[in-house]
Each structure stands twice: as C-alpha cells, then as structure tokens.
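As you go down the protein sequences, you meet chains A and B in turn. Residues in the first sequence are numbered from 0 upward in steps of one, following numbering that gives the first Met the number 0. Residues in the second sequence are numbered from 0 upward in steps of one, following numbering that gives the first Met the number 0.
For the record, the hints were derived by calculation from the structure and aren't laboratory data. Hints are supplied without guarantee of correctness; some may be wrong.
[As the list claims (entries may be wrong)] Residues of chain A clear of chain B, computed beta-carbon distances all greater than 12 Å:
1. S38
2. A59
3. A63
4. R161
5. R168
6. A244
[What the hints assert, rightly or not] Restraint ranges, calculated between C-beta atoms of paired labels, are given here:
7. A:Q56 - B:W132: 18 to 28 Å
8. B:E536 - A:E61: 27 to 37 Å
9. A:Q290 - B:L532: 52 to 62 Å
10. A:E246 - B:G477: 46 to 56 Å
11. A:R249 - B:D447: 33 to 43 Å
12. B:W132 - A:P106: 22 to 32 Å
13. A:E135 - B:A417: 30 to 40 Å
14. A:R41 - B:V605: 54 to 64 Å
[Stated by the list, open to error] Output of the computed footprint for chain B on chain A, the stretches with three or more beta carbons under 8 Å from beta carbons of chain B:
15. 174-183
16. 204-217
Keep in mind it's a predicted model, so treat the numbers as computed, not measured. Just so it is clear, CB atoms sit at the ideal spot from N, CA and C, and this is done for glycine as well.
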Amino acid sequence: MRDSRRPLLHFLLIGAALFAVQSALSVGVDRQPRVLRVSVARQRALEDELRRQLGRQPTAAERAASLQGWVDEQLLFREARALGWHRSDPVVQLRLLRNMRFLGAQPDEAPERLLEQAYALGLDRSDVVVQRRLVERLRLAIGAGAVAAGPADSELEALRAREAERLRRPPLVRLTQVFVSRDRHGEALAERAAALGERLVEDAVPPERAAGLGDPLPLPAQLPLSSQAALAARLGPDFARAALAAEPGRWSGPLASSYGLHWVWVQRRLPARDPELEEVRPELEALWREQREREALTSAVAALRREVEVRIEP
Amino acid sequence: MQRPTGSRRLAWLGAALLAVAPASARSDSCPDRDPLRRPFFGDLHVHTVYSLDASTQQTRTRPAEAYRFARGAPIGLQPFDAEGRPLRHAQLDRALDFAAVTDHAELLGEWNICNTPGLPGHDSLVCRVYRRWPRAAFFWMNAVASHADRHGFCGEDGRLCREAARAPWQDIQRAAHQAYEPCRFTTFVGYEWTGASGLGNNLHRNVLFNGAAVPELPASFVETPSPPELWARLRQQCSGEDCDVVVIPHNPNLGGGLMFRTQREDGSPIDAGEARARADLERLVEVMQHKGDSECKTGLGNQDELCGFEKLEMQNFAARYAPLLAKPPLPHQFVRNVLEEGLALDARLGVNPFQFGLIASTDTHLGTPGLVAESADYPGHGGAGTPVGDAPPRGLPDALDFNPGGLAVLWAEENTRASLFAALKRREAYGTSGPRLNVRFFGGWSFDAGLCEADDLVEIGYREGVPMGGTLPRPPRGAAAPRFVVSALRDPGASGLPLQRVQIVKGWLEGEALREAVWEVAGDPGNGADVDLSSCEPRGAGFDALCAVWRDPDFDPAERAFYYARAVENPRCRWSQQLCVARGVRCEDPATLSEELAACCSEQHVRSIQERAWSSPIWYRP
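Let the sequences and hints guide you as you build the complete structure.
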C-alpha cells in the first residue's frame, strides 16, 4: 500500500472535526451580496496599472483579463471571509493590531479590544495586506485540497502516456573498448589499429582479456550501460554513433574517437524503451500536482463567478 | 445557483493542514554508476528573473526555464519587442549534467513587491523608478542592498520584503525539485549572498543545499552582514541529517583583498574558531566566470605568464563606474595567493581556513547555464555588464573584459544529488574556462614512474593515493618526496581543440615566506600552435591526451604545501575576436570599422585565448 493513503485518512478525520467547528462558526456569517460592482474609478485604476506595466496602451483583451483578475481576487477574498479567516488568521490579527496602534490606539489597550475596534471600523475589509494574505491562503488551501489524496496510479498512467515521447529512455550499450592512440602512432595509426584488430579477431580474444592489448587511456576499458549522449561526452560524437550501431558479441572496428581508434565489443544492447511507472513516479507526481492545483483553482473560481453578478459601471 | 456548501469548504480547509506526501524515495543506484567516478559538467552560478540586476536588464527567464535550457532546450532572450517576443535566442550544443539557480537573496522580496500590483510598497518611489527606469533602479537598489540596508517600503525591520521573498524562494525550490531527475540531471537549491565591504568590494558567496530541506527564507547580507554571521546562521538553519550546505565564494578578483580576511574588523587576527567555521562551509572557490579569472596575476608573487588570462584590471567593481577609483589589483584578490596564506594560517592556528577546491561557472544573468562557448553569439552577462537596448546589440554585447564564463566539473559515481554533493564536500572538483576537458590528478608516496602506461591508473590512484581536493597521508618511512600523476584528455566534442601542455603549480610555506613555482610536466609549451586572427582558424598540432608522473624535486617534509594541475589548450579566437571577424572588421581597413565595433581594434583587446582547466589542489601537512 502506498504512502498517500495515510494522508487521505488523516484528511477525512481532520475534515470531520473541522466540519463541526465550521458549522458552529458559520452561524452569523453575513450572507454575501450577490452583486459585485466595478466602479468607474476602479476600472481606471486597473487600466493605469496595466499601462504602467506594459509601457503602452493595453489592448481590449488585456483590459478584460486585468478586470477579470481583479474580480476573481474579490471573490476569493469574500470566500475567505465567509470562512471566518479574517477573524482567525494570526497574520491578519497582527496586521490589524499594527494598524490600530498606527491610528493612535492606546498602547496599553488589550489586543482583544483593539481587534474588536478594528472590525467595527471595517479595517479588515479595506486593508490590502489583509486581502492579499487571505486570498493567498485560500489559493494555497484550494490547491492543497485538490492534491491531498495523492494521485491514483491510473491518473499517473494517463500522464505517462501523454508525456511518452519526452520520457522515452534512449537505447543503451555496455561495451569494452581497446584503444589505439593517435598521439602515439601518428601516421601509423590505421596500420596499428588494423594489426590489433586482426589479432583480436583471429585469436578470438574475449573482451575481459583484451585490456592490456591497446594503448593506455584514463577511461574505463569496460564502459557501463551508456546512452549515445553519455558515450559522446567521453569519447566524442563519432564514436558514440558508431558504438550504438555495432553488433553485440563480436569485435567491431576500428571506430574513430576524439583520441584515436578503438576496437569495441558490445556486451549488451538495450533498445529504446518507455520507462516503468516507478522510474518516473516522482516526476509524474509533480506534474500531476501542478495540473490538479491549477484545475482546482480554476474550477473553484468558476464556481464563485457563477454565484455573483458582476456589474461594470458604464 | 447554490452558495458554497460546507463540504466544499471543508475539502479546502482539511487539506490546508496537511503536508503534501513526500515523493517516493529511491535508494537503488543508477545503472551507469561507476565506482571509479566520472566527470560531470555543470554550472553552479545562474541568475534568473528573480535577481533584480537581471530583471532590470530585461531578463525574463524563470528558474524552471533555466533548468530546461541546461538540459538542451532553446530559450528566447532579451531584448523583447512590443508583443513580448524575444529578439535573441540561444541553445546549448551539449546539455549539462547539473545546474543550480543562485539568485541574489537580497532583493528577492523587493523584486516581488515592485512586480506585484496591490502589494504594499508597489507604489513606492523606488518601485516606480524600477518599473520606469530600470537602469537607475539597478544602481539605487543595489547600492542600498550593498550597505545591508532595506528600502522604506520594506516596512519595520524589513518584514514586508522578507515576507514578499517567500513566493520567489518557493518557486526557486519547486523548479529545482521538479527538474531533478536522478541519474540524468541534478539540481541544487541555492542562492547568492551578495555581501560587500567598503566601496563595492565584492564578498559574494553562493550557498548550495544538498537536498529538499532548506531554510524557510535565505539568509541574506541584510540579516547576516558579514561572512562569519552567514556561516553561523547557515549552521543554525541547516544541520542534522536532512540538511547540509556548502558556501562557494566568487570573484575575489573584485574583492579589494577583503574576501578572505585574515583579520577581524577591529584589526585582531582571526582565531582557530573562525578559521574552523569557514573551513567547515567554504570548501570551494569559483576561480573563473563572466567577470574574469581569479586564479593568479602575473607579477603578484609569480612570473607565471599564463596568469595573464581574462583579467579585470581593478580592485573592485566600483572602478568600472568611476574610473578614477581604479587601482591596480592586490595579491589577496587571487586564489593562488590566498591558498598560500592558508598554509601560513594553518601553521599558526592548526587549521587552514583557505583550503579551497576550484570550480568555475558562468554567473549568467540571462538564465542560460553552461552557455560558455567562445563564440560570436555570446549574448553577454546580462547583469552588471553593458545594458541591452530595444534591439539586439550591433556591436559587442558586453564589456570587452567580460567573457562567457566556465564550467564546474565534479568527479562522482553517479548523477544524483547525494553523489555530486559529496564530491563538492570532498573538493573532488575542477573548473574549466568552458571546454569539457577531462582532468585526473592524484597524489601519493608510492606511485610508479611508469604509472601513465598502466591500464589501471585510476584504480591505483585511489588505492595508493588521494584524488584532487584531498590531503596527502603521512609519508611512509623512507619516502623522500610525494609523487603526483596528472592525466588530461582534450574536450572530445566538436568544439574541442588539442591540448598544448599540462603544468603543476606548487605553493609552499618556507619558514614564514610564501613561495610558489610552476612546473611544465607534459606537452610542449613551444609547440608553435596559434590561431589565424583574420579567420579564427586554429593552426598547428597539439595533443589528444597528456599524462605525467611528477616527483617534487624541492620537497621538504617540514614545509606545508599544496599542488594543483593546470591543463591548457592550443590557442583559439576569444569570443570578442570571433564577433569582430564575423562582422567583417579588419583593423588595417578603417572602412570596416563602425563606431559600435571600435573596441575590436582597441589596445585593450586581447584577441586570442588558451582555454584551460584548473584542478583542485592536493595539500601536504607535516
């Protein structure tokens, strides 16, 4: 059983507890007005902001997007208030206390009383820090709620199919190479390599016995399972291409590398393959999380939009 | 339409209290794990849009894009047209094996506030200047940050800016975790602590964490205004099993000699405690990057002509804006001199605070890790260099003495965070000025003079000696002097050139005197190779592979010493000359020389470069 089931259990338990608290709290929460007015002054302010950001006149589409962004933020703010967070959130409380002291409240006044005064004055509705804090917290909560249970394997499978091309593992080879140095043999390089090849093939030298027959090179004679890119990083692109094409179980060569010529015995060749789910699980989970958070936020905002009528003042 | 139901709210609320389940752990090793280790190439100094000096230069690259770029994806670069389309593009010809985004910690929050309408401070004068005249804001905001100060809009104790730094810091972490693909591509979460001393003396350090456990907010110069305070805070924030951290200073060449202090502010000498705190965290130094080379300078303690390489002729960067302040560089701005000073401190304190391994990186402020080719397409530094205008530059994209930077190379068993971070910690690392040279360096007491002929050189190196970054064990009875084996292979890629030579650099403490010497150990300094400056065609032969076993002829077992290897390519055209040639400049024909390209023919223009690699040292303690 996978780990993600346990959070699901916790989630249900905590959810049940919170439901009780929530039911008790929501008595007395104001019903929200069903109309959201966007004043002319607000529209102008949004447009000015947009112009400053873009450094030019915004297009109609850009203006509409900015207005929608503002509306969505208001909707999330109201929703967070309906949850009672404007009263319970510690950051909001700190901010309100600071504002009250800034407004000249008695320094020795009890925090509880100061907070009551702040709510009475409506400071929690007008302060931009309070608003951003609550909106941000709600956004995070919506996202976290959508991913808390973790993905089902079937969802990851679907993602794996969608991303198959990007995830595909390249072909791999494991090989032994015997080296003939260009630095050492110069003009005689090809001749020397040919002689070595003759010996390897005629004497049927097995790869594990071939190590001492070539010139030294501070790279492994026995290269681990490597992709074409990994071979190119060690011996150059020409060698990598040729090694991937070499037939397993026999000596091939000479193959040119950036350092000279090589005889190669491919022990194993694995074709390109699609990875098992377990190999790419962390990556797919991250993708899934990102996608779910985005979808949850979009659908939550869409639901909130349906509940109000937005009136844009002419 | 229904009002939100209790159960819908419930789902949001319940989940808000839960941590996201950790990604499943992998304990099995990679299929290509090599117990004898192989070199992984990467870039550990990368800025993105979250660095204020990058965003004021129109950089828009986000951390996730920078990591995609490192893996080979194309990227669009500044300047952008009115529709937001990039006017320049770049792509690596070879992907990197690892990278770390290291944005400046200092102005993360300020960046967020100035870019997010509605955040308090967004309408402050500073932010308005930032949006309208980014170049002026670059100077203003960095000047304030370099005095460990905050702007008024950050509120009491800078709290608002600290809070606002959370979102960028989380995005940096998320991008690193999502781009990490064990066995194929490694990322580290990190940042740059951008400290300064006096009039712009650079104390900058990159901070890299080993895994997912990182501090809630990065400790910046504002909260920790000196290196010792940074180390103390990091040790407090990051300890135990989950969190480890290394600190990598960079650009001592612009530090006015203050980056590696041997005295405290009050003039008293540093003690063993401070030396230990430094040695614990500062395992490596970035020896070369966009803003020049910091290895050594000809004439400062040496007559090594190869030290005349990518030099910035100043004590600190203030001289770039106020040339009257320019003074000739000091010895303590260079790593070799500082490594020597470390020997003297070790003799006095019993601990060497300057036991640095060497790496290089880019310091790109365009979010383009690993874009290190000496190419006419070098897009510039994108930060403290020449600002980009509305159109791609017609002349040089950056100051003549800047360069495309280098790479960090780590010897590790496999491409995972655990394996690469362990390499950083043990300093089994080297730097290159760009090409992917393969350099091995071992020191020991019993190496055979014929070791270069052995097929098992590497096995013997590990078994009978220590690799780069290590300290020689005590000499066995009868051992007269240590032997070193160094092997260098040319860059196997299409852009690689043959090697010219390999040297070993020794620094030692003779009584109280700091001494240094450079030995030619392989190759041929007089091979006559050069480059045709009118076509940029390299000329002459060199070596594919060089190897030597070298015994220190002047070894005195009573003297502390360090040894490092330097492998040097044949000459090629520097990026600036490539560009001048590509634009058809011929200095003897004034008709080919436009105003933007005047620098091509200036006296300061160094036209060719010998790219190189610097190994981490191996130390000897009596």
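Here is what the structure says about each hint:
no. : hint                        : result
1   : S38                         : 17 Å, holds
2   : A59                         : 15 Å, holds
3   : A63                         : 16 Å, holds
4   : R161                        : 16 Å, holds
5   : R168                        : 9 Å, violated
6   : A244                        : 18 Å, holds
7   : A:Q56 - B:W132: 18 to 28 Å  : 20 Å, holds
8   : B:E536 - A:E61: 27 to 37 Å  : 51 Å, violated
9   : A:Q290 - B:L532: 52 to 62 Å : 54 Å, holds
10  : A:E246 - B:G477: 46 to 56 Å : 53 Å, holds
11  : A:R249 - B:D447: 33 to 43 Å : 35 Å, holds
12  : B:W132 - A:P106: 22 to 32 Å : 41 Å, violated
13  : A:E135 - B:A417: 30 to 40 Å : 34 Å, holds
14  : A:R41 - B:V605: 54 to 64 Å  : 59 Å, holds
15  : 174-183                     : holds (count 3)
16  : 204-217                     : holds (count 5)
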